[in-house]
Structure formats: C-alpha cells, structure tokens
Amino acid sequence: MNAVPAPARTMRRLEPAAIAGVMSREVANFRTYWKGTTFSSVLEPLVYLLAFGLGLGATLVDDVEGVPYIQFVGTGMVATAVIFSSALPSMFGTFVKHRFQNTYEAILAAPVDVEELVSAEMLWIAIRSSVYGCVPLIVTFFWGLDPAPGMLLVPLFAFITALGFSGFGITMAAVVAKIDQFNYVTALFITPLFLVAGTFFPISGLPEGVQVIANVNPLHQLVELVRGGAFGFEPWDLARFAFLVAFAFITWRVAINRMQARLID
Amino acid sequence: MAAIELNGVVKSFGPITAVNGLDLDVPEGICLGLLGPNGAGKSTTMRLLTGQAIADEGTLRVLGHELPRQSKEARALMGVVPQLDNLDVDVTVEDNLAVYARLYRVADVGAAVDKALDIARLQDRRKDEVDKLSGGMRRRLLLARGLVHEPRLVLLDEPTVGLDPQIRTELWTLIDQLRSRGTTILMSTHYIEEAERLADEVAVMHQGRIISRGRPADLIAEHAGRQTAEIYAPPDRLAELRAEAESSGLRVRPAGPAIAIVGSERASNGFAVPADAVTRAATLEDVFVLLTGEEAE
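Chains as they are written, first to last, in our numbering: chain A, 517 to 781; chain B, 134 to 430.
Because the hints were derived from the structure by calculation, they are not lab data.
Treat the numbers as computed from the prediction; the structure is a model and nothing was measured.
Keep in mind that the hints are not guaranteed to be accurate.
Here chain A is said to cover these stretches of chain B; the calculated rule only asks that three of the stretch's residues, wherever they fall, bring their Cβ under 8 Å from a Cβ of chain A [unchecked claim]: (1) 178 to 184; (2) 211 to 219; (3) 347 to 358.
From the three backbone atoms N, C-alpha and C, an ideal C-beta is built for every residue, glycine too.
Here chain A stands alone, though its shape is the one from the complex (with noise of 0.2 Å):
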C-alpha cells in the first residue's frame, strides 16, 4: 500500500508553541490553587525570617558584617524562598503528573517531546519561584532595608537559581521508585543545601571542609548575589552569576535525559 504524503511542515526541537502550551496548562491549573500556595511560600519564609531575624537578632546577634541582623537574613531568606517553590514542587509536582495522574502520557501524545516538556516545567516553576523569591527581601524593607537599584537583579537571580533547583526536583521524580523516597532527597540535599547557605550566619564561620561545600552550594551563591545586590556587589559575583547559570543548564539536561528514560519505553 502506498503511505499518504507527508505534509511539509518539519517540526523542530525546543518549539516555543509546545512550550507555551505546556505552560498554559500549568498556569490554567495554577488559577485552580494559587492562594494555596502563594500561602505557603509566602509564610514560611516569612516565619523563619521573624523568628531567626527578630528572635536571634533581638537576643543573641545585634549584627553581622556591619549589616542588622534581620537584614542579613532577610536578604538570606530569598534563598530559602526559592529552593522551597522550586526544588519541592518540581518533585511532587512532577511525580504526581506522572505516576498519579498521567498527565505527561497526554501532553506527550500531542507533538510535544520531553526536552520541550521538561522546559515547560521548568519555565513555569522558575518564573513562580523568581516572584515567590522576593517576598522576603520586600518584608524585610519594613525593618529598616534600604532599597537599592541592584536589587533589580534579585528577581533574575531567583529566577536562574530557580531553573537549577526546579531541574534538580524534576531529575528525583525521575529516579525515584517511590513517593516517600523524597524524604531521603529532602534529608540529604535540601536541609543541608538550605543550612550552610550561608542565610542565617556566614559561611565563614564554619569549618573549612564544610565552607568548601558551601562554596559549590548554587543556594550560597545566589545568597551572596542578593546580599550584593542590597549592599553592593564584588567582582567575584559574576563567577557566582556564571556559577548559577551552569547549575541551571546542567540539571536541565539532567533532567530532561533521565525524564526521557522515564517516560519513554
């Protein structure tokens, strides 16, 4: 039998029209769910941010390197903001569409591959978490902040920073077998990522062996970034910049690579 012609059109990779498409499902789903979460990733910053800002700022630290304490967490606290709208969402939330929902047998029927998919994902999750991320720093001009024009960058900075966690959480719901096994992800990466961030005290007050970890924490970098962009920036902070960026770029093919071995037989 002879097979129809084929139409014209070639399709490329990374098409925007998929990614826009992907995304417009998230965002028709977010509508459904935003005060939920907006809740959260709103408060939970903003607790850890009174408690260690006002708590240890009132009674133990009056301040660290010549800045308020609150302020120094404060600007710290983007970080926290970040890891918890991207790394997390991205591993439930892609776990969930997967396993639970079968969502991605959906999207992946219509001409959307995986890199265009886990873009998408990404994207989204980025751009959230690049809102979500301000939150502290806005709260913390109420305690005596002063606004300054490179903290401009703080939303581009959650953003890249975003974009490498979000790729982290979508590799783990990848590669884990099972839900409860993100209780080892969480244990083992994001508190001490989260920690020896450099978010609550400076980094280098810790042992050498662990600064050396912190120094390749991207949560580290982008805390230095918007404590640069508050109180000013240093040369090093385009390595730091350059850093985040290499971070996004590469758990984004991680995560694209391993999500093609999960969703392709």
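Based on these hints, arrange chain B on the given structure of chain A.
Same frame as chain A, but now just chain B:
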C-alpha cells in the same frame, strides 16, 4: 493509501515480548478494531504509534511519517483518546480543551474549543470544573479533547473500558459519527461487541501479533461457520460430548458453564448435536475464543 504501516515490529520489556513481529496496515478512512485479550500487546502498539515506546525491530510509518524519527510530525496529525481518564479535574471543561488546542498548534483556539464542545455535547457545561461532570460527560470530553485539532487519524485505546452500558452506548454514538466523517480510526478493545458494532475490519491480536484479520462477517464465516450449538449439561457429560465432537472434526470452545460447538451445521461422522442444545448464529466471540483460547468479555 495506508494511514498506518507497521512491518515486523518487535518490542520487548526485559524478558517479556509485548509485540512480536507485528505487521499491520490501516488504510485511510476505515475503522480498524484491534481486538485481543489483556496482555495481547494492544496498548504497547498504541504507545509505539505515539512515540512513547521505541520499537526494538521493524519499521513504523504513520500518515507518511517514519517513526520514531518523525514522530512529532505524525502526532500533530493524529488524535489520541487514552484508556485512562487523564483530564485536569480542577480545571474547567473549556480550559482542558484549550490547552490541547494549543499543544496541537491550532490557529483559532476559541473556534476549536467550541467545535469540540459541540462534539462532546458539553456547551452548557463549558465553565464547570471537570470533577463536577458525570462519568459519561468526562469520557465524552476525553474523546473531544483528542479531536480538538480535527485529526486525520484517531487512536482509541480501549475507549469504553470499565464504563457502564449507558455511557458505552453514548461513546459508540460519538465514534460512529467520527467514522461517518471519514476519519481513520484505530481502536484497541477487548470487548467483542464494541469491535463488532464499530469496526469496518477487525484484527485479532494475540501474543504480540495479528493472528487473523477481516470484516467481522468474513472472520465469522472463515473461522466459525454459520451456527454454534451451546450445550448445558453436567461436567462429565460435557467432557464426553466435547471429546465426541472434536473426534468428528468439530471445534469446541468453553462458554461459561456450557460448551459451544462452533460450526455445528457441519456435524457429521456419527456426531449428532443433542436435541436440547441451544443453536444460534455464530458470532465474533466464537472466533475470538477459538483463535485466542481466552474467554471473551
């Protein structure tokens, strides 16, 4: 003109060979029922056609596009209605459709959504969230979602599995309408009645390959003859009758608590169909059970 051409397709998952040398041509404009028991390889075949499984051997072409290399182009031209309901339940009916219209690059999303709502007969529920719909409405929406871009080829993967008879009939009406518009349909099913009712041609799939294919009436004539005699009796008596019938060259299959002598009009060689047997016209179910050895649903 073939909408689907599969030649020598093999797909294994570890030690299990789900599709084992599958050859299948689906000409444009027909509804082909892929009929087989659970585990026959129907769903794997569907996944191969949507690029979600990659064949170990063989060639696949869909609407002129070679898979998996041109899978994306092929997917743009086909619609898929999955076995499992994977609608976004918190999202409105129209948003569910609009998202897929965008994924299929439809130019006028609003018009496509309106048309799909007409197909699903859900115009008055367009603003409702999916989890407020009845089971039948959800299945109609799932079907309409697969048609939102007016595809030339539709893959229906067990479209009515697990549904109650009323919803099944509703779905059949919609699929019938699709057939009458000339859309090519490949429908996997393990329901005999569904294949008989909807398919122009039926391909019986067993252990990963097609073991027989043709129009339902031709398959019945070829494999089952004209009539079937069902005999109800105690197990010992049934075993005796079965042995006698088989020794005289007749084909016998289990039929729940009874046995069915298929092609009973050909009884001869000293075997007489008992007078209390229930004689009826041979069916596709007889063919299915004879060919696959599996009880039909």
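Exercise. Against which earlier hints does the structure fall short, listed by number upward?
Worked result: 3
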